[in-house]
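Q: From just these sequences and the hints, can you work out the full model?
The listed protein sequences correspond, in order, to chains A and B.
Heads up: the first sequence runs through residues -9 to 241, numbered per our numbering.
Heads up: the second sequence runs through residues 411 to 916, numbered per our numbering.
These are computed hints drawn from the structure, not numbers from a lab.
Do not take every clue at face value.
[Claimed, not checked] Taking CB as the label site, the calculated pair distances span:
1. S485(B) <-> D106(A): 23 to 31 Å
2. R567(B) <-> D106(A): 22 to 30 Å
3. S239(A) <-> E697(B): 47 to 55 Å
4. A19(A) <-> S528(B): 21 to 29 Å
5. A19(A) <-> P499(B): 18 to 26 Å
6. S459(B) <-> D106(A): 27 to 35 Å
7. S528(B) <-> Q171(A): 36 to 44 Å
8. G236(A) <-> S485(B): 30 to 38 Å
9. Y216(A) <-> E697(B): 57 to 65 Å
10. A711(B) <-> D106(A): 49 to 57 Å
11. S528(B) <-> G236(A): 54 to 62 Å
12. S463(B) <-> G236(A): 42 to 50 Å
13. A19(A) <-> S463(B): 33 to 41 Å
[Stated by the list, open to error] Below, a list of computed lysine to aspartate or glutamate pairs in the EDC-like style, where the Cα atoms sit at most 16 Å apart:
14. K730(B) <-> D690(B)
15. K60(A) <-> D415(B)
16. K41(A) <-> D843(B)
17. K41(A) <-> D415(B)
18. K41(A) <-> D566(B)
19. K663(B) <-> E673(B)
20. K60(A) <-> D566(B)
21. K127(A) <-> E155(A)
22. K822(B) <-> E905(B)
23. K806(B) <-> D836(B)
24. K162(A) <-> E204(A)
25. K448(B) <-> D566(B)
26. K235(A) <-> D130(A)
[To be verified] Negatives, chain A to chain B, calculated, CB over 10 Å:
27. S61
28. D108
29. S139
30. E179
31. P198
Where is the CB? At the ideal position from N, CA and C, for every residue including glycine.
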Amino acid sequence: MKIIACYSNKGGVGKTATSVNLAYACAQAGMRVLLCDLDPQGASGFYLRVKPSKKLTEARFFEDVKRFTKSIRASDFKNLDVLPANMTYRDFDVFLSRMRNKRSRLKKALKSVGGDYDVIVLDCPPNFSTLSENIFKAADTIVVPVIPSTLSERTFDQLVGFFDEHKLPKKKLRAFFSMVQRRKKLHVETIAAMRKQYRKRFMSTSIPFSADIERMGLYRAPVVTYASRSVAGLAYRELFKELKKGLDSKR
Amino acid sequence: MSDADNDLVVFPGAFDLDVALQADSNLTLQAELHQQKKPFVILDDHDQSLRNSGCLLIESGNRLQLLQPDQVWVSQAGKGYGKFVNELPDGPVRDSLAGFPPLRALTEIGRGIIETGSLAALDELQKTVVRGSFVVLRSDAGQVSLASIQRLRGYDRAFETVKGSLRSMAGPHHGLETVFGALFPNVEQYQAKPTIHFGKLEPASEAATEIIRTFIAVARKNEAGVIADIDTEFLHDYRVSLRRVRSVLSLFKGVFSDQETAELKRIFSDLMSPTGRLRDLDVYLLERESYFKLVPPSLHAGLGKMFDQFETERAREQKKLSRRFRSASYDQSMKELAAQFDDPTRLEFGQNADLGAYKYACSLIWKRYRKVCKLARSIDPETPDEAVHELRIHCKKLRYLMEFFAQLFDAKAFKTIIKPLKRLQDNLGAFNDCSVQQDALLAFAVQQSSSSGQVDANLGLSVGGLIAILNQRQQAERERVVSNFQHFDSPDIRELFRILFQTPGD
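A: What follows is the structure in structure tokens.
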């Protein structure tokens, strides 16, 4: 099982769109995927028409394995399930360690309901706190969308700084440029500069700024399901391929 | 209510695309037709193994769809008619049919027109909360629709709602028998060993007539399969049925008059004999692979030659028998025979005809049991093979007798007895097969040799190698006979035989 965290310490960078489209691409490739909506402001569940469960938002449900497994919802797409929760950091912490532990009651419970997932995609909250360290430790890969702007450049510096400071493996960081507008000189220049500075951190695929992605809120579905040949759809597919290559080679 | 993740609802008639859900739910059900009318064939073997195990296999176009007992459909590309399961292309249908009888081929049970589509229940966000599919089948006799729905994780309530709505629409119709009943009401269930009904006090003559009448009918139901050459089990069942008739004739002493017994024995022996060679060849050809495994590759060339000849001869024999089965004279004589057993006034009975079936059965089984025990207890390593062969025959007769009269006795006790008996019989059967095959191989080699006794080297080597191995196997089987008999001869089983069959005065 692989854990892919979609993380950004800055909001509004296309993180949730990335989580949903990547999770969908994994599922399309035949992997069994659980997409966890961990971001209280995120909308992974919304994009997939899965209503948040009241029970989950109010309860300390991780102490109750059964209720946790019960709160998982099938999406409209094969192999893709959604955990439409917003958890507290503490819950999240427990969740990660239990998902990693093959013998935990959580894993057994998931297995018993046919939910032995190949991939868990985490749509992470944008907060930048010491507790995020646990996400970074638990995840196999941390996908970081970066808008090629001055402000995003700074936040990415901070993220890398955080990894240095806490001696975390920077190899896990797989950033990509998000909402790219080739017409903007600033974008083009920032991309060139950042690729130079963080040569190994950035994937070669970029996701363009696209009305098709914005329309996800309207269709409430992954981009490729309603705009399969769109530039954005193709870009997400490429992003998945590049990411998968990295994950496979790590084995 | 079950917690199954799937539910199948069978509707008589067409599937109504405007399914109304329970009024209090906020769900809408959508049905979408995927495949327009196409011809279909329902496949099964002659025993209807699939139907009996709760499966439905549909072939339409180049697609096989299997409804499994857990009510989940699987499908794959390919055609199945006339094929054995191991001849199907790889896929989920083939995988699910792993337990299908390996010697039986798929044949047509019925045909008609099929339409398929998908079902989805949507909530107010247009999110799919229950998924499903439907199949509409039409035949000349009627039409039936199958809707299957699937529970989606986290949407249990919606699943129960849709399930409840569909079930209440369908009414009290459930299961596959509704499907067969609606589409193919005239298709009979074939049974190789049907239960024969007669009472304990009924005269032995009536029991005998009933058994013979039943097995003539069973034999006849296999003729078409032999003619079409669908699989080898048709001929096998045909022969077993006739053998049962013959064993009634020889075991039920004094039930028919001596003259009648002799005449009937001749008739059934004449029916049996034209089938013998074809059955032998079938058995050899079925064993082909295991023969090849028995000898090293260096001897394979000769084996290949031998099987080619068997194949040619089999084709000839099959044609001959098929011609016989299709002939008017054969049909006429079978009809005549059946009519004779339908009307007992046309039979001449003997001195035991009026004995009560139960009492008669007890004495026949008890005597045969004592014979088996006496013979088996005398077998030691020095005993000639003939005694082992004889034991096999006695066991077989005992088994037939028990099966004929099974319904007069306690089923559970019978099961307890039959289990070790069957094991002993399998053992004796394997012993016999090895012996018969050695004889056949020798005969084949002789037949292939020139007038001066010369035989093709490859052929000779292969046959010789096989005979050596088969002889070893035969000895190994023989060594197991004593222990298998001891198992059958346990105090518990002895006690059961006494309780069931020993009558005072015996």
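Q: Each hint needs a verdict: does it hold in this structure or not?
A: Now the hints, each set against the structure:
1. S485(B) <-> D106(A): 23 to 31 Å: holds, 25 Å
2. R567(B) <-> D106(A): 22 to 30 Å: holds, 25 Å
3. S239(A) <-> E697(B): 47 to 55 Å: Holds: the Cβ-Cβ distance is about 51 Å, inside 47 to 55 Å.
4. A19(A) <-> S528(B): 21 to 29 Å: holds, 23 Å
5. A19(A) <-> P499(B): 18 to 26 Å: Between A19(A) and P499(B), where Cβ atoms are some 24 Å apart, the hint holds.
6. S459(B) <-> D106(A): 27 to 35 Å: holds, 33 Å
7. S528(B) <-> Q171(A): 36 to 44 Å: holds, 41 Å
8. G236(A) <-> S485(B): 30 to 38 Å: holds, 36 Å
9. Y216(A) <-> E697(B): 57 to 65 Å: holds, 60 Å
10. A711(B) <-> D106(A): 49 to 57 Å: holds, 51 Å
11. S528(B) <-> G236(A): 54 to 62 Å: violated, 37 Å
12. S463(B) <-> G236(A): 42 to 50 Å: holds, 47 Å
13. A19(A) <-> S463(B): 33 to 41 Å: holds, 35 Å
14. K730(B) <-> D690(B): Holds - the C-alpha atoms of D690(B) and K730(B) are around 15 Å apart, at most 16 Å.
15. K60(A) <-> D415(B): holds, 14 Å
16. K41(A) <-> D843(B): Not satisfied, since the Cα-Cα distance of roughly 68 Å exceeds 16 Å.
17. K41(A) <-> D415(B): violated, 22 Å
18. K41(A) <-> D566(B): holds, 14 Å
19. K663(B) <-> E673(B): Given that 16 Å is the threshold and the Cα spacing comes to 14 Å, the pair holds.
20. K60(A) <-> D566(B): With a Cα-Cα distance of about 10 Å, the restraint between K60(A) and D566(B) holds, given a limit of 16 Å.
21. K127(A) <-> E155(A): holds, 14 Å
22. K822(B) <-> E905(B): holds, 14 Å
23. K806(B) <-> D836(B): holds, 10 Å
24. K162(A) <-> E204(A): Since the Cα atoms of K162(A) and E204(A) sit roughly 28 Å apart, the hinted pair is violated (cutoff 16 Å).
25. K448(B) <-> D566(B): violated, 35 Å
26. K235(A) <-> D130(A): Between K235(A) and D130(A) the Cα gap is close to 13 Å, so the pair holds against 16 Å.
27. S61: violated, 7 Å
28. D108: The claim stands: D108(A) keeps its Cβ more than 10 Å from every Cβ of chain B (closest is about 16 Å).
29. S139: holds, 34 Å
30. E179: holds, 43 Å
31. P198: holds, 28 Å
The structure fails hints 11, 16, 17, 24, 25, 27 (numbered hints given earlier, in ascending order).
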